[in-house]
Structure formats: structure tokens, C-alpha cells
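Work the whole structure out from these sequences, hints included.
According to mature numbering (1 follows the signal peptide of the UniProt record, and there is no 0), the residues represented by the sequence shown are -22 to -1, 1 to 141, in order.
Hints were generated in silico from the structure; no laboratory data involved. Keep in mind it's a predicted model, so treat the numbers as computed, not measured. It cannot be assumed that every hint is accurate.
Stated by the list, open to error - Keeping only pairs whose Cα atoms sit at most 20 Å apart, straight-line, the calculated DMTMM-like set for lysine to aspartate or glutamate is: (1) K60 x D22; (2) K68 x E92; (3) K30 x E92.
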Amino acid sequence: MKKRLAILCALGCMAFGTVAFAADSKAAAPDEQCYTPDKLITLDKQDVAKGKGTLYGKFSFTRDMPPAESAMKEIGWMTLKKGASIGLHKHAFNEDAYIIISGEGIFTDGTGKETVVRAGSITIARPGQSHALRNEKDEPLVFLDIIAQNDTYKANHPETNKK
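Spelled out as C-alpha cells, the structure:
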């Protein structure tokens, strides 16, 4: 039985964990203070939040890595190429900020209002708010994505735990 479980675990790791294991071998710890480009974790995602295309990501750490007492849960260099988007989605108990580095995009807030964003623009979705981002231009849209979470928020707002 133990042998069978070990084989299943090994197969699961090979099938689903290749990126995670590759990332762990070069990734800096979530308590590092400086993340050089060679230490960033590559994590590209398809059709994020029912958006379109590929969201290319290079992360200092991902949201499953920091301890609960850390407010910063994820920081990444993100790229949306022409026609790609992050669909409209709600943040139940974390905050998500986009800091636009280059290119031009269309930011949609929770009310449906669209705003053109360019280098220097900063957007944020706070707990309970929704947002989306898309690139309709030829130039890639490059932005920093910073996710923060106050872990006491869930405890103080039990309504966010409902599905």
C-alpha cells in the first residue's frame, strides 16, 4: 500500500509539480529583501478570470509562500500581449494593485467604468471590489501586480467566507 501511494505521489509530482519544483530550486525565500531577475519564478497563466490569452508572469514569490503574518502575498512582473486580458473578478478579502510600467491598457473597475492606463498609472481593487485589465494595442502591456492581504480581515468580516 505504501509503495502504491509513493508511486502515485511521484506520478502526481511529475505531472503537476514540474513548474513548482523547477521554481523552488532557483526561487528566493519569501522573507528575502531583494529578488534579482535570475531568482524570479516564471508562472504564465491562461484565460485568467475568464479573460483571454496568456498572462505572462515573473514573481518574486507567489501567494502560497509567505507566512500568514506577512501582508505582502504576491509580487510579480506581468505582461499582457495584444488581445490578452484579465477578466472582471472580485477580491473577497485581499487587495490587488497594478502599477503600469509600459504599454497601454483598459482598466475596468467594479462599476464597469473603463479607464485608459499607461506608464505611471496605479490601479487597486480593495476587499469586496472587482477589476479587469486588457490590452488592445500592439505594444505589450507590462505592469507590476502586488497582492496584499490582512489576514485578520476574514476573521472580522465572516460574510466574505460564504461561497
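Each hint, compared with the structure:
| no. | hint | result |
| --- | --- | --- |
| 1 | K60 x D22 | 16 Å, holds |
| 2 | K68 x E92 | 16 Å, holds |
| 3 | K30 x E92 | 17 Å, holds |
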